[in-house]
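Each chain, written out:
2 protein chains.
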Amino acid sequence: MPIPDMHEELTLLDRYWRAANYLSVGQIYLMDNPLLRQPLAPRHIKPRLLGHWGTTPGLNFIYAHLNRVIRQRDVDMLYVCGPGHGGPGMVANSWLEGTYSEIYPDVSDDATGMQRLFKQFSFPGGIPSHAAPETPGSINEGGELGYSLSHAFGAVFDHPQLIAACVIGDGEAETGPLAASWHGIKFLNPQRDGVVLPILHLNGYKIANPTLLGRSSDDDLRQLFSGYGYEPLFVCGDRPEEMHPRMAQALDTALDKIAHYQQQARSGAADAAIPRWPMIILRSPKGWTGPKTVDGKKVEDFWRAHQVPVAACREDEAHRHILETWLRSYQPETLFDDTGRLRAELRALAPQGDKRMSASPYANGGRLRRALNTPDISEFALAVTAPGSQQGEATKQFGYYLSALFTRNRDNFRLFGPDETASNRLSPVFDVTSRTWMAETRDDDEQLARDGRVMEILSEHQCQGWLEGYLLTGRHGLFNCYEAFIHIVDSMFNQHAKWLKVSRKLPWRQPISSLNYLLSSHVWRQDHNGYSHQDPGFIDHVANKKADIVRIYLPPDANTLLWTGDHCLRTWDRINVIVAGKQPSPQWLDMASARAHCEAGMGIWHWASSEGEPDVVMACAGDVPTMETLAAVDILRTWLPALRIRVVNVVDLLALQPQAQHPHGKSDAEFDALFTHDKPVIFAFHGYPSLIHRLTYARRNHASFHVHGFNEEGTTTTPFDMTVLNELDRYHLAQSAIRHTPGLAERHPALLEDLQQRIAEHHRYVREYGEDVPEVRDWKWPSRA
Amino acid sequence: MPIPDMHEELTLLDRYWRAANYLSVGQIYLMDNPLLRQPLAPRHIKPRLLGHWGTTPGLNFIYAHLNRVIRQRDVDMLYVCGPGHGGPGMVANSWLEGTYSEIYPDVSDDATGMQRLFKQFSFPGGIPSHAAPETPGSINEGGELGYSLSHAFGAVFDHPQLIAACVIGDGEAETGPLAASWHGIKFLNPQRDGVVLPILHLNGYKIANPTLLGRSSDDDLRQLFSGYGYEPLFVCGDRPEEMHPRMAQALDTALDKIAHYQQQARSGAADAAIPRWPMIILRSPKGWTGPKTVDGKKVEDFWRAHQVPVAACREDEAHRHILETWLRSYQPETLFDDTGRLRAELRALAPQGDKRMSASPYANGGRLRRALNTPDISEFALAVTAPGSQQGEATKQFGYYLSALFTRNRDNFRLFGPDETASNRLSPVFDVTSRTWMAETRDDDEQLARDGRVMEILSEHQCQGWLEGYLLTGRHGLFNCYEAFIHIVDSMFNQHAKWLKVSRKLPWRQPISSLNYLLSSHVWRQDHNGYSHQDPGFIDHVANKKADIVRIYLPPDANTLLWTGDHCLRTWDRINVIVAGKQPSPQWLDMASARAHCEAGMGIWHWASSEGEPDVVMACAGDVPTMETLAAVDILRTWLPALRIRVVNVVDLLALQPQAQHPHGKSDAEFDALFTHDKPVIFAFHGYPSLIHRLTYARRNHASFHVHGFNEEGTTTTPFDMTVLNELDRYHLAQSAIRHTPGLAERHPALLEDLQQRIAEHHRYVREYGEDVPEVRDWKWPSRA
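So the protein sequences, as listed, match chains A and B. First residue of the first sequence: 242, per the numbering used here; consecutive thereafter. First residue of the second sequence: 242, per the numbering used here; consecutive thereafter.
Hints listed in this document are in silico derivations from the structure and should not be mistaken for laboratory results. Please note: incorrect hints may appear among the correct ones.
[Said to hold, decoys possible] Derived DEER-like restraints, expressed as beta-carbon distance ranges:
{"#": "1", "chain 1": "B", "residue 1": "612", "chain 2": "A", "residue 2": "570", "range": "40 to 46 Å"}
{"#": "2", "chain 1": "B", "residue 1": "852", "chain 2": "A", "residue 2": "853", "range": "40 to 46 Å"}
{"#": "3", "chain 1": "A", "residue 1": "1005", "chain 2": "B", "residue 2": "899", "range": "31 to 37 Å"}
{"#": "4", "chain 1": "A", "residue 1": "314", "chain 2": "B", "residue 2": "497", "range": "29 to 35 Å"}
[Claimed, not checked] Away from chain A, derived, C-beta distances all over 12 Å, residues of chain B:
{"#": "5", "residue": "352"}
{"#": "6", "residue": "424"}
{"#": "7", "residue": "447"}
{"#": "8", "residue": "730"}
{"#": "9", "residue": "920"}
{"#": "10", "residue": "1003"}
Ideal Cβ placement from N, Cα and C applies to all residues, glycine included.
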């Protein structure tokens, strides 16, 4: 497209850009006099100046140009704003498009609204300084950098009409998660997925430093991104009159190429290689169009433009003058009419209705969300004739459920995992689908397909980012991961939890599906991989978050996992963490019992307990602790038939918390009915013992809780030895019950001694033969019929 | 170098490789008959087969070739083993070099030792399956992937003689942290630093999938790594007789180039561009030299070779036959002599003494560690004439200390941070040094220098990885970071803590300097950046680790930070977390008092307390909670002069734990002497309240603890409003004291009401004016002289 043709259009577009820039500066600085109809006075300026100018003009520039192609081509476009601290720009654009005033009528589209728009920004009781749930059109909390590109890929999977324009700052581009997310291109199927258009925005500086990519040569950048598989298009400069046509041309080229590749793929004409999708590398000055210098120091095109370029505008007249000159340079009188509304010829530049990026249903995913079509879990239940009568593999059984889910939900459910789906024994899913794989395949490859729906990349960050993007745009998913390595995404979890906490309170944000984790290959069954793979601490991290957002489940066997998994997948606006085993292990509950037990969250296992008030409570949470608890009970019943033991199993961990602290929390009466007022409670726990203390410290009987769990003792050894090293095994649990039940230790010293000998025998045997003692390997509940 | 010349050498080298491969397979499978002098019988085979074969032959191939260049050029080389699950290879090589038997004499260098070497691997009571602290020559826990390359860069900073050969698996290469770590090259100064030689080992497969880079074309790879700034050298194939000369030639080329660039830089001949450092891309089959197929399924050069290629060797004769054929294919009788020792002509291939990579002092950093030369902290102390009499900026003051540290330790201390050193107000360091910056500079740049010692990249992963590598090779450092985003490295922290826990128990591993975190821009002072930046949970995560490894400090002002920071920097084998503020805030303790207070870990602030037994204890930990506590005490003293208040400040958080749980833990008597037996304790805490409960639940007076802390309530607002939103402010604390002190609420309802009104007034004021009420802004302790 020859440049002259666009002249008039781009002149208008430049004005639109100036309007967005004006509104951005206004938000950072002004609390009154929004249209500068009076000379700027100290009282017009906010007492605290908070916000990030540096990235904002670039974001606005991109936004205005994307509007152009949306209108021209009528495409569905989403704006993923990597430099989320450029919040003023995102807010400005949604106000210009009218969306802001539709959602927040108080902030009307006129001068009154503009004043409110300005004042509320970064102001107590107002809106955050970064792109956030409150920001129309946003799908990410912009405060933490690194996840924009994986969010963008997640958004376009199974959304064939969608183009996610993803702006990546050169700061963000230095982070690890972002660096790996360029590979997302290799998982994009042009037949069924939309496309991501990465726009790498090099403004050259971070908070106080140049950026690595900003100081890379064009040639290095071209090679780098070609190597990742893209075709980079450069748009470089600082003179707006030159930059507009360059950007317009680059976007036209990019959109043409996207249309071409999609048309090719969808018409069946091409199937071979992954297209060399276009990307744009935009070099423009940081703080573009802002003050060139302040107090003799360079600001525009330098890191000093990062936040508030000119700071003392209330106190210092010279500073205030710089600000006023800067604001007036956008010529607000030519942009807004007498009422303060954007002029009609500029309003016409924005797309209409849902095509507006700030109003896109893709950015308010609940609007697109269709409920999952879930199968009946009983179909996949293990027939447990009596507790402990058979072995089963929990995650494999759940894999059958997931395969049915795939069959019933062909375009809005995906399973994510870092190359561990098979290892986690969810392999039944491969009966009905494959892994997504767009790169080269070879004859021997198995379970790879262009239309596969299992997303595997050896990056927990990508799995999490993709899933977040997928959920935020209205779909469903599950992330399966080794328990220890889910800590890799602790910080991403934080940000998603924060997103949910805020978005739940915004009536215009429709609920999205919950983020579900299935953590397997857990601490007790990483005996083969050793200490580096042994960490149950993610649930501690999760428990810190707002109670209405998080749930933690520890199903002890297959049927309880089926109930739990199915339940979690049908919830919304939560983060559910399920920890479940993959190894063959005893099955305790038939489906009906599993259902009742899980619905209650915790309960007495009467079939393993004595009648009436107990002498000691043996509590357990987690599959291995449950097995060890029952084995301990088995020993105690044999030796001490008169001892009244109660077995309590906990599935829904946060139900231990007081009712006032968590919606699932048991009342004190319910809690005491399970755990008694004063009897010793020997609690075998999956994770770190302190988590149980932290959840129960306010309970009446807490001083009687003796918790066994992971004490950071581990190595490559046998599964049972892992429990012995941490004193979570049956022998230590039985000893603990004897020691803490009044009078018992004195009356039965021989039993304590016998247990100690069994521990010693275990140590001897396992070190000689490399496997567990037959007594443990062959144990079955109950050892005597 | 023409290939034929190397024929004889490479024939020997091939035998050396075969010896390493033989020992690797032996470790995975055998518990007896190590030299196969009898036909292989079931009893020779371990009951559980654990270990990773797939990557191992490649690791051994690289190792043998590196040995060649070490001998030839007498260079100092470190082997950083990214695919750490290839533990058998690392162990095999250290045994071949003699190091293993020197360190573990029980595993002698003969047939008896070989049998023990085999049996102990992945065996209870033996050694882990992955490269680990127990593995001579290793500096990383090989279980979690993603950090090898940043470790390698950390190792070579300020080690000009060192070449870190870093093997990166194509699985690991998919992770985010690894993807970003290629940029490390831009921080390498050839004049003062060593060099990293990355060897990207593409064996094509992960656990159950092809790899992304393995399926990339050579052309894409060349572009990708050229774009990162390297010169890639390809070594591709599967026939050993072809691969040996190719690898030898590539290594010769690489080492020639390295020597050339270093010589140029060190002679002052070149100063301009960053050299295009060489890297090697090695494509070789996964499970190379192992079984081609098992049960008709492809194994070699496929993902099935990942762990144990042939599994049922005890039970299944056919499988056992495959194993025996495989083992004998290495011709052990030609590799080991009658006593089982490596034959002399092969022993001669290994380097000698400390040049052996398994014996390198760089991989046992404590051997190289020189104590820091620390200045006297009093030099930097703020002169506090009376508690609360003046304002100060804690981190800035500590910055002066750090600048002195830089001056005194010019080659073994560095400061790391993700572009936040200035933001965290440590800027005084820039008076004496700059940021390391090797890329292009421009006239306006500030504080960038090729010999700068502040390491900034916008990647917490790189900061952590570099620092770990720097410490593990015997130096000192500090990581400064925004508190919220340190969660990004939760999992790296885990692995380092695990490393320390194990390495401390190995007498041959010398202590290394502690890993020190200074977390600033903390939750209470991220009012300007908003909710995404507000998270104090890292210390919860840290508190889960073994007590002898971790320390958490919350200094309330500048002088306490000086003591704490200085103390931490002088410790070893620990992870110290310091959380401290950067904003101007009241100073409480002069240097002598600060020293005494910090040494005690916690104590009564008598100058703020009533004499004798209190009615209520006002406890605090953290700078903002301390200020709010004193402000609350100030209010209470004004209204209720007869109320006996005790102020207890806690600096050393884990001293709250029982003595049995933490070495710093106070005895119950000491604890009770501070917190009383039965008086209400209003605890204002920096982090999540549950952490205090978790640390103190076993204390006598725990039921009287009322903890105020971060409740996940935050947004962009004022600093004081942050505390009000979370009920950590002076008014809520004063209310809490009144409510929980028996009889007080009944006698003083007006005071409660007044406090409620002040809260309401705060809300009104802050939302109207955007700053805190003057009562708060102007408050000073004590409000009445």
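Q) Which numbered conditions among the earlier hints are violated in the structure presented, ordered from lowest to highest? A) 1, 2, 4, 6, 7, 8 and 10
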